[in-house]
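Colleague: Residue strings, one per chain:
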Amino acid sequence: MTIPHPPATRVTAALARRGRWRLPEVAFWALALAALFLLPGRYLILNEIAILALFALSLDLLLGYSGIVSLGHAAFFGLGAYTAGLLARHGVAEPVVGLFAAAGAAALVGFATSFLVLRGSDLTRIMVTIGVALVLGEIANRMAWLTGGADGLQGIVMGPVLGTFEFDLWGQTAYGYSLAVLFVLFLLARRIVHSPFGLSLCAIRDNPLRAAAVGIPVGGRLVAVYTLAAAYAGVAGALLAQTTQFVSLDVLEFHRSADVLLVLIIGGTGYLYGGIIGAVLFRLVQDELANLTPQYWYFWVGLILVVLVLVGRERVVATLAAPFAGLLRRFGRPVREA
Amino acid sequence: MLTLLFDGIAYGMVLFILSAGLSVTLGLMNFINLAHGAFAMAGGYVTVVAMNRYGVPFLAALPLAFLITAAVGLLLERTLYVRFYGRSHLDQVLFSIGLVFMAIAAVDYAMGSSQQLITLPAWLQGRVDVFGVAVGLYRSFIIAVCGVVVVVLQLILTRTRFGSRLRAAVDDQRVARGLGINVNLIFAATFAAGSGLAGLGGALGTEILGLDPTFPLKFMIYFLIVVTVGGTATITGPFLAALLLGIADVAGKYYVPEFGAFVIYTLMIVVLVLRPHGLFARAR
Amino acid sequence: MAPALRTIGLHKNFGGLVATADVSLTLEPGARHALIGPNGAGKTTFVNLLTGVLTPSAGRILLEGADITGESAHRRVRRGLARTFQINQLFRDLTPLETIGLAVSERQGTGRDWWRRVGTKGAVIGEIVAIAERFGLGDALEERTATLPYGKQRLLEIAIAFACRPRVLLLDEPAAGVPEAERHEILAAVAALPRDVAVLLIEHDMDLVFSFADRISVLVNGALFRDGTVEEIARDPAVRAVYLGEEADA
Numbered sequence: 001m002t003i004p005h006p007p008a009t010r011v012t013a014a015l016a017r018r019g020r021w022r023l024p025e026v027a028f029w030a031l032a033l034a035a036l037f038l039l040p041g042r043y044l045i046l047n048e049i050a051i052l053a054l055f056a057l058s059l060d061l062l063l064g065y066s067g068i069v070s071l072g073h074a075a076f077f078g079l080g081a082y083t084a085g086l087l088a089r090h091g092v093a094e095p096v097v098g099l100f101a102a103a104g105a106a107a108l109v110g111f112a113t114s115f116l117v118l119r120g121s122d123l124t125r126i127m128v129t130i131g132v133a134l135v136l137g138e139i140a141n142r143m144a145w146l147t148g149g150a151d152g153l154q155g156i157v158m159g160p161v162l163g164t165f166e167f168d169l170w171g172q173t174a175y176g177y178s179l180a181v182l183f184v185l186f187l188l189a190r191r192i193v194h195s196p197f198g199l200s201l202c203a204i205r206d207n208p209l210r211a212a213a214v215g216i217p218v219g220g221r222l223v224a225v226y227t228l229a230a231a232y233a234g235v236a237g238a239l240l241a242q243t244t245q246f247v248s249l250d251v252l253e254f255h256r257s258a259d260v261l262l263v264l265i266i267g268g269t270g271y272l273y274g275g276i277i278g279a280v281l282f283r284l285v286q287d288e289l290a291n292l293t294p295q296y297w298y299f300w301v302g303l304i305l306v307v308l309v310l311v312g313r314e315r316v317v318a319t320l321a322a323p324f325a326g327l328l329r330r331f332g333r334p335v336r337e338a
Numbered sequence: 339m340l341t342l343l344f345d346g347i348a349y350g351m352v353l354f355i356l357s358a359g360l361s362v363t364l365g366l367m368n369f370i371n372l373a374h375g376a377f378a379m380a381g382g383y384v385t386v387v388a389m390n391r392y393g394v395p396f397l398a399a400l401p402l403a404f405l406i407t408a409a410v411g412l413l414l415e416r417t418l419y420v421r422f423y424g425r426s427h428l429d430q431v432l433f434s435i436g437l438v439f440m441a442i443a444a445v446d447y448a449m450g451s452s453q454q455l456i457t458l459p460a461w462l463q464g465r466v467d468v469f470g471v472a473v474g475l476y477r478s479f480i481i482a483v484c485g486v487v488v489v490v491l492q493l494i495l496t497r498t499r500f501g502s503r504l505r506a507a508v509d510d511q512r513v514a515r516g517l518g519i520n521v522n523l524i525f526a527a528t529f530a531a532g533s534g535l536a537g538l539g540g541a542l543g544t545e546i547l548g549l550d551p552t553f554p555l556k557f558m559i560y561f562l563i564v565v566t567v568g569g570t571a572t573i574t575g576p577f578l579a580a581l582l583l584g585i586a587d588v589a590g591k592y593y594v595p596e597f598g599a600f601v602i603y604t605l606m607i608v609v610l611v612l613r614p615h616g617l618f619a620r621a622r
Numbered sequence: 623m624a625p626a627l628r629t630i631g632l633h634k635n636f637g638g639l640v641a642t643a644d645v646s647l648t649l650e651p652g653a654r655h656a657l658i659g660p661n662g663a664g665k666t667t668f669v670n671l672l673t674g675v676l677t678p679s680a681g682r683i684l685l686e687g688a689d690i691t692g693e694s695a696h697r698r699v700r701r702g703l704a705r706t707f708q709i710n711q712l713f714r715d716l717t718p719l720e721t722i723g724l725a726v727s728e729r730q731g732t733g734r735d736w737w738r739r740v741g742t743k744g745a746v747i748g749e750i751v752a753i754a755e756r757f758g759l760g761d762a763l764e765e766r767t768a769t770l771p772y773g774k775q776r777l778l779e780i781a782i783a784f785a786c787r788p789r790v791l792l793l794d795e796p797a798a799g800v801p802e803a804e805r806h807e808i809l810a811a812v813a814a815l816p817r818d819v820a821v822l823l824i825e826h827d828m829d830l831v832f833s834f835a836d837r838i839s840v841l842v843n844g845a846l847f848r849d850g851t852v853e854e855i856a857r858d859p860a861v862r863a864v865y866l867g868e869e870a871d872a
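Just so you know, the sequences run in chain order U, L and C. Position 28 (the first sequence) corresponds to 28 in this note's numbering; numbering is contiguous. Position 251 (the second sequence) corresponds to 589 in this note's numbering; numbering is contiguous. Position 135 (the third sequence) corresponds to 757 in this note's numbering; numbering is contiguous.
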């Protein structure tokens with residue numbers, strides 16, 4: 001092909017459009033960065049949002065892109081948290097090393113358990129993922145000599161990030177650190193979902209039978225994405241352990257798996273920003289409602305869930321997002337009419 | 339040793355009563371109802387309130403727990419659950435988790451977060467010695483009640499017209515509809531009965547399982563184990579699974595307390611992976 | 623030269639029910655072969671055995687001389703055995719562009735690439751364009767698949783299978799359910815398939831079968847009832863009785 005054929009240029013352009021950066025995306029990240037300097041006093045909640053966003057992003061890779069329903073994603077979050085916490089407690093003070101270790105540990109367990117979720121219906125997947133999280137929770141509880149058991153893992157002392165940025169009392173470094181990690185991993189995820197590999201995941205989500213009939217090794221791809229999502233969740237857990245310098249059994253509990261699912265559902269699945277937008281909304285609403293009735297926060301979580309699915313997830317999200325629909329589309333949010 | 343076995347059987351019987359309704363929901367409507375434990379909790383709290391606040395005797399509180407929970411179940415089925423048949427499993431899971439969270443918070447608000455206690459009538463307290471085996475009176479009572487319930491359930495399922503229609507509907511819903519069976523009506527009735535049984539189980543279980551607002555989450559996995567391991571095709575499958583689970587859990591906690599529930603969870607995963615339709619299911 | 627596809631005593635039973643009974647069938651390279659049979663004759667089961675959706679109870683499957691009986695579904699595709707489905711099995715939320723791009727990437731062996739964007743290699747683009755034009759999908763490339771007209775979806779079915787560059791292509795009722803007005807487009811696409819690809823057409827529509835095929839195999843109750851040229855089958859009174867007769871009654 002010496003002179004590009006007109007349809008060929010059109011196809012090239014159309015494929016290139018899929019992965020192009022859009023202005024609102026850039027603005028979003030600029031805003032997140034600006035918050036690092038403009039919102040002192042809000043760093044703690046911003047840090048929590050960034051961590052929750054990363055956790056939800058990892059679930060989006062599973063649920064949104066690959067169609068795997070998991071109700072035990074906290075398993076990998078908790079595993080990452082304990083790995084990073086234990087490392088720091090036993091002398092490895094560099095946070096970034098902790099991140100890699102947490103990602104590795106979570107990926108390892110993710111890989112090993114991925115074979116359990118390969119086959120089977122939604123129900124078996126739900127049960128097995130809950131089961132894996134329960135097993136890990138039980139192990140953490142029983143190995144109190146290592147994890148501190150119900151008292152939690154205390155005495156975590158973190159060194160400065162990359163030997164340079166000391167964690168401060170106000171959490172500015174913490175937020176900056178979490179945001180940077182979120183951004184880097186987001187970039188990687190963005191790259192992945194626009195690759196042939198990412199596209200094959202969407203194909204498996206839409207129709208595994210046909211995916212195999214196109215020559216896609218369905219099992220292999222699911223193992224890969226499950227492992228990847230586990231590593232992401234592990235990093236999110238590590239960030240929590242490092243920035244709060246505390247790990248409790250709570251990181252492995254069922255409500256954490258349910259929370260992250262809700263966060264992702266609020267923001268919408270399958271366009272990467274869903275988890276991030278969901279995390280912002282979830283934490284802000286939680287802040288308001290929890291101030292009202294801190295004890296009964298979960299009543300409102302439950303109510304949101306019931307109303308959300310009763311009316312139809314897509315519809316609620318679409319209605320609430322209507323004023324921003326154009327904007328969201330620019331984030332690459334898929335348009336799906338019921 | 340035999341005492342342990344006895345306790346395990348009693349525990350397993352309660353688990354079966356608690357889970358029977360869930361097995362039907364799953365088998366008949368292919369509905370993943372994670373909120374089933376909330377009905378059990380409701381039954382428990384009905385008993386507690388009836389006995390402690392209004393002085394209702396224990397034996398009268400049991401049917402009350404069944405009836406009130408069944409009514410609540412029917413109401414929710416007609417108003418909310420019915421909208422979710424045929425929806426994706428993800429939606430069903432989100433919806434029923436939402437219900438669980440609401441129930442937990444609501445009960446916490448109304449009753450406080452502490453463990454609830456009931457005082458059993460004197461004739462159910464203590465143990466007696468039978469051929470050298472110490473047998474708890476209350477556990478004997480549980481086994482008797484649950485045994486009667488199991489027999490009645492089995493009779494209803496196999497001997498009545500309702501039972502044969504229910505089995506037909508579970509077996510193949512479309513064919514059943516084609517035969518003019520009102521599947522929706524059957525399901526509403528079964529859902530109510532299943533909720534009622536859960537309520538009864540919650541009432542009976544208050545003494546041995548404990549009762550606090552986190553009950554639905556704490557035991558959710560147990561109910562799910564019973565139905566997934568037992569399969570949804572028969573009533574005997576979940577029954578055997580419940581007994582096994584009860585005995586294994588009691589024995590496990592006694593002999594290898596350091597493992598805790600670890601063994602149970604691991605076994606569940608193994609069974610699910612090897613036999614996705616349940617341990618006692620017919621091969622498909 | 624080895625036959626493009628060959629089955630030897632292929633057998634499948636579900637419990638006591640025999641779905642495929644001892645079927646031995648040969649497809650020469652570049653064949654135009656039709657598989658017909660009354661409803662419930664086991665045609666789709668046979669295709670599912672060939673493509674690895676089901677595992678045979680006995681018998682062997684040879685693709686260009688190589689035994690593929692034990693291979694997984696996706697490996698058979700990579701070896702050159704592709705299929706379409708009687709009922710559309712498409713990726714609802716992807717566009718035809720993405721769907722074809724995906725199939726082409728997989729065939730070119732870049733499906734595991736998780737770093738580069740789809741279509742950053744020139745070869746992919748050229749092939750997507752060629753396939754889109756061959757199957758008349760050029761105008762619909764960027765629409766969501768679920769919203770395409772039914773005829774276009776049927777064309778996409780064939781296009782994806784074609785994108786796998788098969789040596790043997792199994793077409794399961796390609797024109798099923800397509801409105802009369804859009805039908806000719808699909809028949810033309812089927813007729814224009816390259817001659818070096820062996821095609822097994824599973825079909826009910828006798829006009830299509832007679833216009834397309836050189837050889838016909840008749841499946842009845844899971845067993846191979848007759849196998850011969852179009853003329854032989856058309857003249858065979860037993861086939862008429864079993865199949866055509868039944869058709870006339872229905």
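FYI, nobody ran anything at the bench for these hints, they're computed from the structure. Hints may be right or wrong, so weigh each one.
Stated by the list, open to error - Restraint ranges, calculated between C-beta atoms of paired labels, are given here:
1. L:Arg499 / C:Pro771: 17 to 23 Å
2. U:Asp151 / L:Ser502: 55 to 61 Å
3. C:Ala803 / L:Ser502: 45 to 51 Å
4. L:Gly424 / U:Val26: 24 to 30 Å
5. U:Asp168 / C:Val675: 57 to 63 Å
All C-beta atoms, glycine included, are put in the ideal place defined by N, C-alpha and C.
Colleague: A separate judgement is required for each hint: does it hold in the structure or not?
Modeller: Here's how the hints hold up against the structure:
1. Checking the proposed 17 to 23 Å range against Arg499 of chain L and Pro771 of chain C shows it is violated: the Cβ atoms sit about 49 Å from each other.
2. With their beta carbons about 57 Å apart, Asp151 of chain U and Ser502 of chain L fall inside the hinted range of 55 to 61 Å.
3. For the pair Ala803 of chain C and Ser502 of chain L, the supplied restraint of 45 to 51 Å holds, since their beta-carbon distance comes to about 50 Å.
4. As the Cβ distance of Gly424 of chain L to Val26 of chain U is approximately 42 Å, the hint placing it in 24 to 30 Å is violated.
5. The beta-carbon spacing between Asp168 of chain U and Val675 of chain C, approximately 59 Å, falls within the hinted interval of 57 to 63 Å.
Hint compliance for this structure: hints 1 and 4 are not met, and every other hint is.
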